[in-house]
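Visitor: So the protein sequences, as listed, match chains R and P. Residue 1 is where the first sequence starts when you use the numbering used here, and the numbers rise one by one after that. Residue 1 is where the second sequence starts when you use the numbering used here, and the numbers rise one by one after that.
Keep in mind that the hints were calculated from the coordinates and are not lab data. Every residue, glycine too, gets a C-beta built ideally from N, C-alpha and C. Among the clues, some could well be false.
Now the in silico label distances, taken between C-beta atoms and shown as ranges [as the list claims (entries may be wrong)]: (1) P:ALA118 / R:ALA172: 55 to 63 Å; (2) R:TYR377 / P:ASP206: 46 to 54 Å; (3) P:GLN144 / R:THR46: 37 to 45 Å; (4) P:PRO240 / R:THR46: 25 to 33 Å; (5) R:SER216 / P:GLY95: 31 to 39 Å; (6) P:GLU295 / R:PHE365: 49 to 57 Å; (7) R:PRO267 / P:LEU143: 30 to 38 Å; (8) R:ALA361 / P:ALA284: 19 to 27 Å; (9) P:ARG219 / R:MET36: 16 to 24 Å.
Here are a few chain R residues that sit away from chain P, every Cβ distance over 12 Å (derived from the structure) [what the hints assert, rightly or not]: (10) PHE44; (11) ALA73; (12) ALA182; (13) GLU273; (14) GLU369.
Take a look at the letters that make up each chain.
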Amino acid sequence: MNRVISARLAPVLGLVFSTSVLAQGSVTTNAFNPAMSLILDGRFATFDNDPEAYELPGFMLGGEAGLGAEGFALGHSELVFSANIDDQYYGQFTAAVADHGGETEVELEEAFIQTLGLGGGVTVKAGRFFSGIGYLNEQHLHVWDFADAPLVYRGLFGDQLRDDGVQLRWLAPTDLFIELGAETLRGGRFPAGGAANEGAGAFAGFAKVGGDVGVSHSWRIGLSHWQAEVENREAGGHSHDDAHEESASFTGDSSVTGVDFVWKWAPNGNASERNFKFQAEYFQRDEEGDVTVVAHGTTDAGGYDGTQTGWYAQAVYQFMPRWRVGLRYGALDADNDVDDAHVAAHAGLDSEGHSPERWSAMVDFANSEYSRLRLQYNRDESYEDADNQVVLQYTMSLGAHGAHPF
Amino acid sequence: MKQWIVGSVLGLLALPAQAALNVFACEPEWAALATELGGERVSVYAATTAQQDPHRIEARPSLIARMRQADVLVCTGAELEAGWLPVLLRQSANGRVQSGQPGYFMAAEQVERLEVPAVADRALGDLHMTGNPHVHTDPRRLLQIAGALGERLAVLDAANAAYYRARLEDFRVRWQQAMARWTTQAAVLRGVRVISHHQDWVYLYDWLGLTEVARLEPRPGIPPSAAHLATLTTRLKQQPAAMVLRTPYQDARPAAWLAERTGMKVVVLPYTVGGSPQATDLFALFDETVARLLEAAP
Chain R
1 MNRVISARLA PVLGLVFSTS VLAQGSVTTN AFNPAMSLIL DGRFATFDND PEAYELPGFM
61 LGGEAGLGAE GFALGHSELV FSANIDDQYY GQFTAAVADH GGETEVELEE AFIQTLGLGG
121 GVTVKAGRFF SGIGYLNEQH LHVWDFADAP LVYRGLFGDQ LRDDGVQLRW LAPTDLFIEL
181 GAETLRGGRF PAGGAANEGA GAFAGFAKVG GDVGVSHSWR IGLSHWQAEV ENREAGGHSH
241 DDAHEESASF TGDSSVTGVD FVWKWAPNGN ASERNFKFQA EYFQRDEEGD VTVVAHGTTD
301 AGGYDGTQTG WYAQAVYQFM PRWRVGLRYG ALDADNDVDD AHVAAHAGLD SEGHSPERWS
361 AMVDFANSEY SRLRLQYNRD ESYEDADNQV VLQYTMSLGA HGAHPF
Chain P
1 MKQWIVGSVL GLLALPAQAA LNVFACEPEW AALATELGGE RVSVYAATTA QQDPHRIEAR
61 PSLIARMRQA DVLVCTGAEL EAGWLPVLLR QSANGRVQSG QPGYFMAAEQ VERLEVPAVA
121 DRALGDLHMT GNPHVHTDPR RLLQIAGALG ERLAVLDAAN AAYYRARLED FRVRWQQAMA
181 RWTTQAAVLR GVRVISHHQD WVYLYDWLGL TEVARLEPRP GIPPSAAHLA TLTTRLKQQP
241 AAMVLRTPYQ DARPAAWLAE RTGMKVVVLP YTVGGSPQAT DLFALFDETV ARLLEAAP
């Protein structure tokens, strides 16, 4: 049997080796280095309001939630390494360097391995990765169409949901794209916390269906669910620098359910001249448990039962090569019951009778596939005082040619 | 009755050998070549059309679903599909078509490539470090690729190896006859000065002896700018060229703008199968390419 296989493969292998020699001339150890790319992101921002005063009433902020610095600042500088490990596995590593509260921090954004062909349409991913829920969540922030996350991602996920764990995906053997996925996660990061259940405290599941309509249109729709046992989730995004004096934490059950939709158009499917993209996502979070607030040396606690919803819709149009314009609207709503009004106020769970919303408009120019300049305006009504925000941003990519998901 | 049952069982057992090999072709030229060589023993899916720029394809859900079912992937390689093929490969969960497997066939790797950059610097444009990927515009290279692909199909589907080899032989004979005809017809094109939109036709020029004097893109992958076109206009007034060539998927305006100011003819070549109503297969593609060049020749 072995001989049969080698006899069958011999011509193929011979061909592979002879062409690779033909292509590369000589093979050195460095030829096996992983593909490397470096993303540089810089910005200049102006705000009418103090960005440190930013809040989303009714939402306990965490993760990356916040406006970032006013004036000149760097965004996330990302270093990405990726390669096929062998014939069975692919691996990727992403480190982000960013300033948080005046200090430069290196953050391990992603570090995962993934199977390349287990058979039966199954893919297993393990390590730290962006969860497969929603549409935008899995995409790196440097491929986002706006300089900041939609309000609903900021409010519910602290910009993006990522965690350590294992993901299982199954792709159906049909011409219609049908994909089911499940994740078991550590649950140590916002919006979970505490890594309950001995470090397997969160679970996610998703289903995605997609296809084409004619040659010019394509679409995908998804359903997602995430839930976690939360132990002492600390609230306070990066904008809350007074967290040392005053802290709020949540312990209980949290779940998020959402639906996402994306539709893309390009004349004859040729996106290089003109193309259009519409996307919309809706999420609902339900939480139940206890909130503890430590302020000025005293501790207060209260029962909390809340429902928070949010959605956004955006459209981006490339009207000529290299130039795009985009418009986005997002809104949030919180309905929280907290036993103690003082606890609710200090934890950020008091919606103050306000429903956050924001309009964003952007124009960007990509000199090549590797560089982009963007100007964005936000009319931000996250809290009572409306804010006018302008961001001028560059996003540049050095090194390996990136491949972008749908 | 017993014979009927045995017959059915044998029929079922034989079914996998009869079932067509699923071919996922990244571009229409490879879909056409797989059809020439595989006949009714292959089921070919073309991921893109001649109206689409193969550098810039969305990794659409439909493409992932199709790749999941593929037995063999026939693509150009040489980084032409670098912006989308890796995503499809990783999301397809299909071990048969991953890099290094027999089901992973890259056409450009089968032939000698031109324009291999000596320096890797993106200031020079969107370079393909393993050379210019548009190899199918030279019928001599296409025949070499056909030889490698026919052999690959025979390896992948050993039960039908003789069938693929016979079809390859038949294709080789017909292709060589056609090439002899095209070469004779196009002899007058030798030395004719042309301009191209992108670096699409390097191999065609190599075959027919056309002289490329400039490109509309200032650097590969960077769209033609007004400044660059103005410089070209001045240059062309001193040293004229006969025609400017573009593909059906490229912006028509830069070529038209330059032609209007310099008296050159704009030639839209089909580039690949399906690029014009006449270019229905590989033979018709080159028939029409040569005919259009001859029409515009001085």
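Visitor: All hints, please: hold or fail.
Guide: Here is what the structure says about each hint:
1. P:ALA118 / R:ALA172: 55 to 63 Å: About 47 Å separates the Cβ atoms of ALA118 of chain P and ALA172 of chain R, which means 55 to 63 Å is violated.
2. R:TYR377 / P:ASP206: 46 to 54 Å: holds (51 Å)
3. P:GLN144 / R:THR46: 37 to 45 Å: Taking Cβ atoms as reference, GLN144 of chain P and THR46 of chain R lie about 60 Å apart, which means the hint is violated.
4. P:PRO240 / R:THR46: 25 to 33 Å: violated (53 Å)
5. R:SER216 / P:GLY95: 31 to 39 Å: holds (32 Å)
6. P:GLU295 / R:PHE365: 49 to 57 Å: violated (39 Å)
7. R:PRO267 / P:LEU143: 30 to 38 Å: Holds: the Cβ-Cβ distance is about 34 Å, inside 30 to 38 Å.
8. R:ALA361 / P:ALA284: 19 to 27 Å: With a Cβ separation near 48 Å, ALA361 of chain R and ALA284 of chain P fall outside 19 to 27 Å, so the hint is violated.
9. P:ARG219 / R:MET36: 16 to 24 Å: Taking Cβ atoms as reference, ARG219 of chain P and MET36 of chain R lie about 23 Å apart, which means the hint holds.
10. PHE44: PHE44 of chain R clear of chain P: closest Cβ-Cβ about 25 Å, beyond 12 Å.
11. ALA73: The claim stands: ALA73 of chain R keeps its Cβ more than 12 Å from every Cβ of chain P (closest is about 26 Å).
12. ALA182: Nearest chain P Cβ is 15 Å from ALA182 of chain R, so the label holds.
13. GLU273: Given a closest Cβ separation of 6 Å, the condition is violated.
14. GLU369: violated (7 Å)
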